[in-house]
Amino acid sequence: MQHDETLLNENLIYSSSKMFERRRRIMEETRLLVAEQGHDGFNIRELCKRANVAPQTVYKAFESKERLVAISIRQHFHSYTLNQVFTNDPATLPGVIEHLMLSDESMRSVSQYSNAIVSIYFSQTADRDLRDAASYNVMSTIKPWVAALRQAGSLRRGVTAEAFADAIAHLLFGVSLEWCLGNISDEDFLFKKLEVLLVYAAGATRGGAQKDITRYLSDLFGPRTLIMEIQKSLSTKGRAPKKRKS
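In our numbering, the protein residues as written are 24 to 269.
Simulated from the structure, these hints should not be mistaken for laboratory data. Every residue, glycine too, gets a C-beta built ideally from N, C-alpha and C. There's no promise every hint is true.
Restraint-style ranges between C-beta atoms, simulated for each label pair [to be verified]:
{"id": "1", "residue 1": "Ser132", "residue 2": "Leu249", "range": "23 to 29 Å"}
{"id": "2", "residue 1": "Gln174", "residue 2": "Glu210", "range": "22 to 28 Å"}
{"id": "3", "residue 1": "Lys41", "residue 2": "Arg151", "range": "30 to 36 Å"}
{"id": "4", "residue 1": "Glu252", "residue 2": "Ala114", "range": "15 to 21 Å"}
Please model the complete structure; the sequences and the hints are all you need to start from.
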């Protein structure tokens, strides 16, 4: 899946503080409406009423409802990532697990919005850009690790990096859907995601990488010592927000 970063960046550049504030309101209200009504129930007229802007302002800036929702989702995930301090290299398995731990906490804190994102991912009516936006955070988490596995020659023959990432993303969203439906408890949510990640990765890799993945899988089904070490490192760091560059 390809994510058009220029699509996000060009809509975060503002010529005046007034324009910045107007677009901030639009993006914030878009996220709230998506959480409340989902993509299918999202209404530009209602958005304009809440954000106190004219419809032509929205269409001039974002062109369409789908593009607006996609950009708002990407910005939400992008801002979330910028405000986290990660203790492990994102191109390693511990780094992926750490990202999933923080994502799990975030998803549970905004369950309505998470439900809407999962619905968009599995939607048969949402366009490709919108579905890609829904998977933006998951793919951003997986891709550095997958790229490192490919570079090290750790993927099994016939398994491409893109197929690997797409399969894991689909499995993670499948678990998220079951959580949204109430079939997986909050307490088990993270561990179910780690289970599908590690089971698939163990079968799709070889060599030292596979041994490392299998070690984490055995730990997940056993004492969870390695898992708890990553969680402990997060608590120790306190997850202080990153300072943004001026």
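Structure-based check of each hint:
Here the CB-CB span from Ser132 to Leu249 is close to 25 Å, well matched to the stated 23 to 29 Å. Look at Gln174 against Glu210: about 36 Å separates their beta carbons, and that is not inside 22 to 28 Å. Distance hint check: the CB atoms of Lys41 and Arg151 are about 34 Å apart, consistent with the given range 30 to 36 Å. At about 19 Å, the beta-carbon gap between Glu252 and Ala114 stays in the expected band of 15 to 21 Å.
The structure fails to meet hint 2 from the earlier list, while all remaining hints are met.
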